[in-house]
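Peer 1: Residue numbers (my numbering): 1 to 166.
Heads up, a few of these hints could be off.
Claimed, not checked - Listed next, the in silico DSS-like pairs over lysine-lysine satisfying Cα-Cα at most 25 Å (straight line):
1. Lys85 - Lys166
2. Lys112 - Lys75
3. Lys7 - Lys75
4. Lys112 - Lys14
5. Lys85 - Lys112
6. Lys7 - Lys112
7. Lys25 - Lys7
8. Lys25 - Lys14
9. Lys160 - Lys85
10. Lys75 - Lys85
11. Lys75 - Lys25
Hints in this document: simulated from the structure, not taken from any laboratory.
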Amino acid sequence: MKSSQIKVSEIGEKGLIERIIEKSKTCSIYGFDNDISNFATSIGDDSALTSIDIDDNSYLVTTTDMLIQSSHFPKGMTYFQMGYKSVVVNVSDLASMGADNIGFLLNIAIPKDMLLDDFDDLICDVIRACDNYNIPLIGGDTNEANEIIISGTAIGQVNKDKALMK
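Model the full structure from these sequences, guided by the hints.
Peer 2: Structure, rendered in structure tokens:
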């Protein structure tokens, strides 16, 4: 069966996770290698163990945004654009605080009849956005829903004297 005819439900959650790991190695266009060497776990684990040095002069910065297909993605927006946007809305929140990027968690719920090629398009631009903004994809979760729901969480670090506040 051609990939373009396969639905995500046919490969299951483990298959989707394997696909995300594969795409994290093949979708880069900026030379970013999704370096997770500061993490003791891989993308496929339920949690990310992180080795970071936060001292009294630094803040750990976290942000999260949930995007729902029917209300956050205009009609006609491509799966590529949805994937990219899910990273950018979070990375921009870190940047607005003056933080350096540490890692990105992707939680995605998709319809079971979504085509695997469409899933690949979405994931590839998540990877490309992570690549572009030098933030490794370190984990997340997948689930089933009636429409696409993407919740990203970005983690960063900023020196206290350089933190930007509203």
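Peer 1: Please go over all the hints and tell whether each is borne out by the structure.
Peer 2: We went through each hint and held it up to the structure:
Our distance criterion of 25 Å between C-alpha atoms is met by Lys85 and Lys166, whose separation comes to about 23 Å. Restraint check: the Cα-Cα separation between Lys112 and Lys75 comes to about 20 Å, which is no more than 25 Å; the hinted pair holds. This hinted pair checks out: Lys7 and Lys75 have alpha carbons roughly 22 Å apart, not beyond 25 Å. With a C-alpha separation of about 14 Å, the suggested pair Lys112 and Lys14 falls inside the 25 Å cut-off, and the hint holds.
Restraint check: the Cα-Cα separation between Lys85 and Lys112 comes to about 22 Å, which is no more than 25 Å; the hinted pair holds. For the hint linking Lys7 to Lys112, the alpha-carbon distance of about 7 Å falls within 25 Å, and the restraint holds. Pair hint Lys25 plus Lys7 holds up; C-alpha atoms about 22 Å apart against a cutoff of 25 Å. For the proposed pair Lys25 and Lys14, the alpha carbon gap of about 17 Å is at most 25 Å, so the pair holds.
Proposed proximity of Lys160 and Lys85 is contradicted: the alpha carbons are some 28 Å apart, above 25 Å. A threshold of 25 Å between alpha carbons decides the hint, and for Lys75 with Lys85 the separation of about 14 Å falls inside it, so the pair holds. Proximity of Lys75 to Lys25 is assessed by CA-CA distance (about 30 Å); at most 25 Å being required, the pair is judged violated.
The structure is inconsistent with the numbered hints 9 and 11, although it conforms to all the rest.
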